[in-house]
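A.B. asks: Read off the chains here:
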Amino acid sequence: MKLTIAHLYPKHLNIYGDQGNLDALVFRLKARKIKVTVKPIGPNDPLVAGSFDLLFSGGGQDRHQLMVAKNLLTKKQVIKKAVENHIPMLTICGSYQLFGRFFKPFKAPKINGLGIFDAYTIASKQRKIGNIIIESNFLTPQTLVGFENHSGNTFLNNQSQSLGRVKYGIGNNDQDKTEGAKTKHCLGCYLHGSLLPRNPHLTDWLIQKALDNIYSKVRLTPVNDQLELKTHQQIINRVSRLRHPLLKYFV
Amino acid sequence: MIKLYLSLYIGKLVNLFCRFVPFIGGSALPGLVALKINPTLINQIRLRNQLKTIVITGTNGKTTTSRLTSHFLDLAHLKHLHNRSGSNLLRGVASTLINQSNLSAKLPAKIAIFELDEAVVPGAIKSLKPEIILFTNLFRDQLDRYGEIDTLLSIWQQSLKLLPSNSTVIYNCDDPSLNHLASTVKQKIISYGLPKNKSSKQTLSASADAIFCPLCHQPLTYQVIFTSHLGHYHCSNCHFKRTTPTLKFDDINTSLPGLHNLYNIQAAKSIANLLKLKLNLNQALTSFKPAFGRAEKFKLGQLYTNILLVKNPTGFNVTLETLKKNNQLSQPLLLILNDKIADGTDVSWIWDVDFSLLTSRSTPVIVSGTRYLDLALRLKYAGLESSLVTPEPKLKKAIKLLSKQKGEFAYILPTYTAMLSLRKILVNQKLIHSTWED
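Same order as they appear, the protein sequences are chains P and H.
Everything in the first sequence is counted per the working numbering, starting at 1 for the first residue and increasing by one.
Everything in the second sequence is counted per the working numbering, starting at 1 for the first residue and increasing by one.
Derived from the structure by calculation, the hints contain no laboratory data.
Among the hints, erroneous ones may be present.
Computed from the model, here is a short list of chain H residues facing chain P with C-beta under 8 angstroms [stated by the list, open to error]:
1) K3
2) L6
3) Y9
4) T345
5) S348
6) W349
7) D374
8) L377
9) L384
10) L388
Nothing here was measured: the structure is a model prediction, and the numbers come from that model.
Note that CB positions come from ideal geometry on N, CA and C, so glycine has one too.
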């Protein structure tokens, strides 16, 4: 079996250890003897329809995000089609925002997004920084752990599904306790950390969906997850211990 | 005036109190309290003493640079103040001033060196009116506190407008962001950098952040790269390029390891030149002792052990590369990762460190700290077999494990608060002296 991952804008969107997500995908594919190719797609590279089985894109500084926003629109049709074809995707922070309908910065005009997620983001003065734990309804275990660091507030429109409910942290915005978005197999969220190494069940979900598209109903061989799940649990334990705002100065 | 004395005396009382309650250990608390009572305290004491100030800031190298500068001033018998104990926020400045001034707010020196956190620059320029301000570099560090590099850079740019016109700005011109920052400065500028032949690297590492032209946002072209995004660069799209350093580079023999220390030496030298100090650089460097946690050495069992502080991906990568260059990558190694406030609560930066250098080891790497499992996981994904990683959350046990490993040298790489805990244990075991002040 083989699989191709498109990595969108690796030079522009690569903040907060986003590389770890690709490392995790590649690691778990190789552990199962599945051949994997990672294709970096920069602003000048075409994104060819049907040339990828999984797509990843990370976050970046505001300046870098603006630089790719326009370019992303030229790839809109290919990405939209791939989402409709159930290609799994993971977009984090900056790219998550650009996969929504629009992003409204402070002083600049609205930036149009792809509209894959029926959601929009508005810049805010309050930066949301800290550990975050959410509970999804399509994964086992249900929890996802990460670290959020964003100033944008994302709001989901009525019809769209979130990635999960916030158990600890802030999430999409400071109002509705939702985090991330999900359209078919395309996921978006604010979880850095890196996300995938510490959430192996999510990594496998993405891999499973990608392989199912190519080979129809594949049974993933289990890989040794002890360290990953132990880390996952340790973060949950540590975060619950730090729940009191003053405790973080002492523990 | 009453406010000045009131805040000064209360600060001094808090200081006294801190000495008797050692676990507070806070060199910042007196300043914190005094500034709450009197926010203009720093400015008032500075004016009263006509104090000349030197501010040193940037992501990496500020502690070593300011210690070197202080050492140079010592050798020139120039009496000065220095916020040595590592509290590099304005409250640390205030603490130093409170500590050093007498009851009529008079200081024993006319010149002061302040090592300051990147985010404090605006406040420092306002209250200290520095004669000299030096920027070492700007990397990803503790983004959880500051948000983004661009944000920080524009804050610096704004606050430099308030710098007195007779001040001097010193900067590292191998850093594109700083080069850009300096191009907007109206005051006198001095730049330093490394010559081409100091480089051994060809490619940009994953954590390189400022690889785009600050003017036209196209990717920069590098002729040589020293570390992360520091190097000789130009933009092939517009006129932006590295300026030629105004400071002459001379080759020096130093026991301080790594390229980052070459930068620190250049930085301190440019301050010494500006102050017209008479200095034999080679001699001055031989008598220099690095700060705690920065290349500190002690004997652990049979092992000559080094503590090398790591705070961010760039610093971590430089440290690993230095170990590689000196064939030390297979020696006993302990990594400690904490996620307390002073370390940065976000540990995702370890995914930007190139740990694949460690895959050729035969003895396990010991990992400890509040986030020891994150480190273990990181090493696993860098390609280290599980037999090559020993997770041990208890630091005391981890040190013991390290002492039993075979080798000639050993290396401990802790984050900031991990280093403080490490020192406490080592002091208790009488392996190092308690030298907080020095």
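A.B. asks: For every hint, state whether the structure bears it out.
C.D. replies: Each hint, compared with the structure:
no. : hint : in the structure
1   : K3   : violated (29 angstroms)
2   : L6   : violated (28 angstroms)
3   : Y9   : violated (27 angstroms)
4   : T345 : holds (7 angstroms)
5   : S348 : holds (4 angstroms)
6   : W349 : holds (6 angstroms)
7   : D374 : holds (6 angstroms)
8   : L377 : holds (5 angstroms)
9   : L384 : violated (11 angstroms)
10  : L388 : violated (13 angstroms)
In the structure shown, a violation is registered for the earlier hints numbered 1, 2, 3, 9, 10, in ascending order.
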